[in-house]
Structures are given as C-alpha cells and as structure tokens.
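Trainee: Residue-level listing of the chains:
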Amino acid sequence: MAMLTIKDLEVYYGVINAVKGISFEVNQGEIIALIGANGAGKTTILHTITGLIQAKSGSIEFEGKELTKTPAHKIVSLGMAHVPEGRRIFQQLTVYDNLKMGAYTRKDKKEIADTLEMVYKRFPRLLERKNQIAGTLSGGEQQMLAMGRALMSHPSIILMDEPSMGLSPLYVSEIFDIIKEINKSGTTVLLVEQNAKKALSIANRAYVLETGKIVLSGDANELMNDDSVKKAYLGE
Amino acid sequence: MSFLNHLINGFSLGSVYAIIALGYTMVYGIAKMLNFAHGDVIMVGAFAVFISMTSMGASALLSLIIAMAVCTALGVLIEKVAYRPLRNASSSLAVLITAIGVSYLLQNLALLIFGADSKSFTSIVNLKAVKLFDGQVSISGTAIVTITACIVIMVGLTLFVNKTKAGQAMKAVSEDKGAAQLMGINVNATISLTFAIGSALAAVAGALMCSAYPNLTPYSGTMPGIKAFVAAVFGGIGSIPGAMIGGLLIGIIENIGKAYISSQMADAIVFAILVVVLLIKPTGILGKNIQEKV
Numbered sequence: 001m002a003m004l005t006i007k008d009l010e011v012y013y014g015v016i017n018a019v020k021g022i023s024f025e026v027n028q029g030e031i032i033a034l035i036g037a038n039g040a041g042k043t044t045i046l047h048t049i050t051g052l053i054q055a056k057s058g059s060i061e062f063e064g065k066e067l068t069k070t071p072a073h074k075i076v077s078l079g080m081a082h083v084p085e086g087r088r089i090f091q092q093l094t095v096y097d098n099l100k101m102g103a104y105t106r107k108d109k110k111e112i113a114d115t116l117e118m119v120y121k122r123f124p125r126l127l128e129r130k131n132q133i134a135g136t137l138s139g140g141e142q143q144m145l146a147m148g149r150a151l152m153s154h155p156s157i158i159l160m161d162e163p164s165m166g167l168s169p170l171y172v173s174e175i176f177d178i179i180k181e182i183n184k185s186g187t188t189v190l191l192v193e194q195n196a197k198k199a200l201s202i203a204n205r206a207y208v209l210e211t212g213k214i215v216l217s218g219d220a221n222e223l224m225n226d227d228s229v230k231k232a233y234l235g236e
Numbered sequence: 237m238s239f240l241n242h243l244i245n246g247f248s249l250g251s252v253y254a255i256i257a258l259g260y261t262m263v264y265g266i267a268k269m270l271n272f273a274h275g276d277v278i279m280v281g282a283f284a285v286f287i288s289m290t291s292m293g294a295s296a297l298l299s300l301i302i303a304m305a306v307c308t309a310l311g312v313l314i315e316k317v318a319y320r321p322l323r324n325a326s327s328s329l330a331v332l333i334t335a336i337g338v339s340y341l342l343q344n345l346a347l348l349i350f351g352a353d354s355k356s357f358t359s360i361v362n363l364k365a366v367k368l369f370d371g372q373v374s375i376s377g378t379a380i381v382t383i384t385a386c387i388v389i390m391v392g393l394t395l396f397v398n399k400t401k402a403g404q405a406m407k408a409v410s411e412d413k414g415a416a417q418l419m420g421i422n423v424n425a426t427i428s429l430t431f432a433i434g435s436a437l438a439a440v441a442g443a444l445m446c447s448a449y450p451n452l453t454p455y456s457g458t459m460p461g462i463k464a465f466v467a468a469v470f471g472g473i474g475s476i477p478g479a480m481i482g483g484l485l486i487g488i489i490e491n492i493g494k495a496y497i498s499s500q501m502a503d504a505i506v507f508a509i510l511v512v513v514l515l516i517k518p519t520g521i522l523g524k525n526i527q528e529k530v
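Same order as they appear, the protein sequences are chains A and B.
Quick note: the first sequence uses my numbering, first residue 1, plus one each step.
Quick note: the second sequence uses my numbering, first residue 237, plus one each step.
Possibly wrong hints are sitting among the right ones.
[Unchecked claim] Simulated DEER-style distance windows between Cβ atoms:
1) B/Pro450 x A/Gly86: 51 to 57 angstroms
2) B/Val317 x A/Lys231: 52 to 58 angstroms
3) B/Pro477 x A/Leu127: 43 to 49 angstroms
4) A/Gln54 x B/Gly351: 46 to 52 angstroms
5) A/Pro71 x B/Ile333: 26 to 32 angstroms
6) A/Gly86 x B/Ser326: 17 to 23 angstroms
7) B/Arg320 x A/Ser77: 22 to 28 angstroms
8) B/Ser326 x A/Gly218: 39 to 45 angstroms
9) B/Asn424 x A/Gly14: 21 to 27 angstroms
10) B/Pro450 x A/Leu127: 57 to 63 angstroms
11) A/Lys109 x B/Leu347: 49 to 55 angstroms
Simulated from the structure, these hints should not be mistaken for lab results.
Predicted, not measured: the structure shown is a model, and the values here were computed from it.
C-beta atoms are modelled at their ideal positions from N, C-alpha and C, and glycine is treated no differently.
Please build the complete structure, drawing on both the sequences and the hints.
Mentor: Rendered as structure tokens:
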C-alpha cells in the first residue's frame, strides 16, 4: 500500500508548465530518489506536495488525505516534514530555537524533549552549538540543523531537497549516511538530488525527470547500471 | 531647571512616538511593508476615545478599551482587504502605494463623518502634576502615564516576542515565510496578529497624544505618524528596542529644538538628523545588516 501517491500532477509557474503530468508513489519505509538536471521540476514537485505552490491539476494523496487542497501550514502535523532546498534555517535564531520551531505544532512537552534528545544524539554537533546563532554555522552544520529541525516534528515521511548542495565531499558522505540511518529508524524518505550517483546508492527506487516529465523509473541498482542514466547523470 | 522641564516633555512626546513606531517596526519586520496608514489608525483611535467619552459618557478606561478594539478590528481589516491580496505582487511599490491610498481613505472618511473642525479632546488622564524642586520642575499627570505606558508596552512586547509561541512564530515569519509554513505556522494568522497588536498600540498612542495636545482633527495622525516612521528608521526598522530608542530621541530632539533653537525649525531639525543618521549608519542605530546568504 502506497503511503504517498502522486497522480497526473500539473504545476505552472505563471505560464511556464514546470511539471507536466507526473505520477509516482512512495511506499512506507522506502527511500525514493527523484533525480534529474537543473530545471527538471524536482523542487517544484516537493513544493507542491507540501503546499508552498498550488497544483494546477492532479492529486497528491498522503495516507488517505488529499494534500492539494490542504494549506501548507497544516501539512507538517499530518506527519510530513520538508527539508527545503538551500536549507532555509532561521539564520538569526539559535540552533536550539530552530529545533524548537520544528516542533511548533506539537503540544506534549515530554515528547518534544525526548525528540530533542534523539536529534542531539544523531547530530552531536548541534548539541555542542545549541546556543550559537544558526547563521554562523558552516554549510554542513546548517544542513544538519535543517534535518534535525525536520525530525523535531516526528514525521513519518521526510522530503529532502538537494541535501548535498554546496557541501564538501566529506560532508556529503556524512549527510547521506545520516539519511540512511533516519530511514532505518522507520522514517520514509523522498529525496531530490542532482548528485545522482549518491542518491541512487542509498535509494530503493528512483524516478528520472527531464523537463517536467518522468522519463525513466525503477529499482535504484538497475538504474545505476542503465546505459542512458550512466551517460546522462553519472558522468560515465 | 527649565531644561529639565523640556527634557521631561520630550520624554513624554517621545514615548508617544515610540508606541507608534512599535507598530511601524513590527509590521515592517514581519510583513516587510511600510504601513503608511498607521498614523491614521491613531487618529481613528483618538476619535473612538473622543466619541465614547463625550457622546456615550463612558469612563476614560472603558473608552480606551473601546478604541483599542475598534483599531484592532480596523488594522486587521485593512491588512486583509488592502494588503494581503498584494502580498505576492511582483513589486513592493504596489503595496506601498496602496498604504498611502488607505491613509487618504481613512482621513477622508473621518472628514465626512466628523467634519473638518477641530474637536477639543478631554484628557483620559486624571492625575495631578508632580512638582519637584519647590515647583520649579513640574511633571504632568499625562506625561507620567505616557512614559509609564511606553515602558510597560516595551517590556510586555519584548516578553511576548521572546517567550510566547506566537512571538516565536512572528520571528520565524519575519525571516522566512515559506520555511515558517513548513514548521506548521499559519503565516496569514501571524501577520493578522501583528497588525492587531500594532493597531491596538496606535489607539493607546492616539489617546495619550490627544490627552497632551487636545486638538483632534482628521489630520491629527499624519505628522505623528511620519515622525514615528522617522523614529523607527532612526532606531533601526524591524527592531523593537530600536523603535523605543528612536521614538524617545526624536521626541527629546524635537522638544529641545523647539525650546532652544526655533519652534518653527523643530521639525526640520528632526528630519535633518534623520538624514545625517542615514548617511552615517543606513541601517539605523540598532538595525541589522541584512545579508543574503545562498
């Protein structure tokens, strides 16, 4: 049974048709990768799922609830968190305040404290820097903060947009290891990445996008060995 | 001793500017727009107090509460009808011009309803002046209440923004509306709340201002509104303590200027100082440098 089902999704930016009738699904416990070049529509799809952009037509069903009619601020409490492109942490707040903001919709103080402890355990660097202003963190640390902030809502699915963008290779490996761990502890992951090699190495399945359409999909390992994918996205 | 008198009057006037400037600065910080109709909300607040006290015979406190309610509703309505539809407009000029339009609308509505003649406002403060140094220095009851109100509002707002969930939501919305939505924050509700608070404060400022300077006309809000805007920019727009410092400084400069330089030039001095401050420190006294980080 699919957890998240996207059907015939069409999205426009003004007159530009950014997403042209896309359908895909994400099952519980999977890591799904959406790969493709700049401008393929990957980020637009994530923004439409969490309501930051309105769809023109099509449906997005998450655990039986239609998301295209749900306002953006109601989505996180359904169990869906979004780590946006460029991290978009609150630069002027402290690390701790950023994490607290992630739990904005939750009420139970005890549960929030437990989640916070779990996040600090996963990202010890955030605990070390909890009183630091977030804007002063390095790029990799900011990415960790953005992921930690998303985990604070205790999501059942987490959407990650270009987590490797702008990071040194060392950090990229670390971030991808963490994504794998987050998935192992029971959170479903929908990953958008330009770094196709890394994305395919941790994903179960993947969809390849080109100018707003899915051109290829399947098992991540198989895609990794697919000649056209190799040529276009893996630089081989 | 007369210097001390002028200073105290400056403090009192500055407190009114500071309370108005808080409304400007909060709305700017969160909605990233200059609400030039804010000054006219002060005027509406003052008229609400005036009507409640003279025509309805309500007590000063009740009149103030009625005025705050009226202004809160008005502020939220203005935001919803005039500014919200333009929030995603490609040019921020559109909303600025709309704000000026709302300002004229309010002035002319007041003109239509209350007429152009000046009303004599009854002070809401019924407190005896305090005399110090054998009566050489006198602090009016209105000045005491105004300065106290300013301090209470300042402390209250700082606590509200830093300690409450709604305050944290305001901080998040002021930085990044999209990311705030992803946290589950209702951006529209947060912006409405900001307008509500700013407009309620405008009512308080209107009542206190007219208690000190008891001539009320439909244009009474214009000049204080502009000066409070200067105060907000002076202190660093977007900063709550900045609005307070800016307001007090403008009030003191204006009063001292009036007393010792020229009463006709006082406004020119205020604006000249603004120009100088902006030349030296464009972000204002407490303003932060906004850096776009990719």
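Trainee: Next step is simple, just say for each hint if it's right about the structure.
Mentor: Hint check results:
no.: 1; hint: B/Pro450 x A/Gly86: 51 to 57 angstroms; result: holds (54 angstroms)
no.: 2; hint: B/Val317 x A/Lys231: 52 to 58 angstroms; result: holds (56 angstroms)
no.: 3; hint: B/Pro477 x A/Leu127: 43 to 49 angstroms; result: violated (31 angstroms)
no.: 4; hint: A/Gln54 x B/Gly351: 46 to 52 angstroms; result: holds (48 angstroms)
no.: 5; hint: A/Pro71 x B/Ile333: 26 to 32 angstroms; result: holds (29 angstroms)
no.: 6; hint: A/Gly86 x B/Ser326: 17 to 23 angstroms; result: holds (21 angstroms)
no.: 7; hint: B/Arg320 x A/Ser77: 22 to 28 angstroms; result: holds (24 angstroms)
no.: 8; hint: B/Ser326 x A/Gly218: 39 to 45 angstroms; result: holds (41 angstroms)
no.: 9; hint: B/Asn424 x A/Gly14: 21 to 27 angstroms; result: holds (22 angstroms)
no.: 10; hint: B/Pro450 x A/Leu127: 57 to 63 angstroms; result: holds (59 angstroms)
no.: 11; hint: A/Lys109 x B/Leu347: 49 to 55 angstroms; result: holds (53 angstroms)
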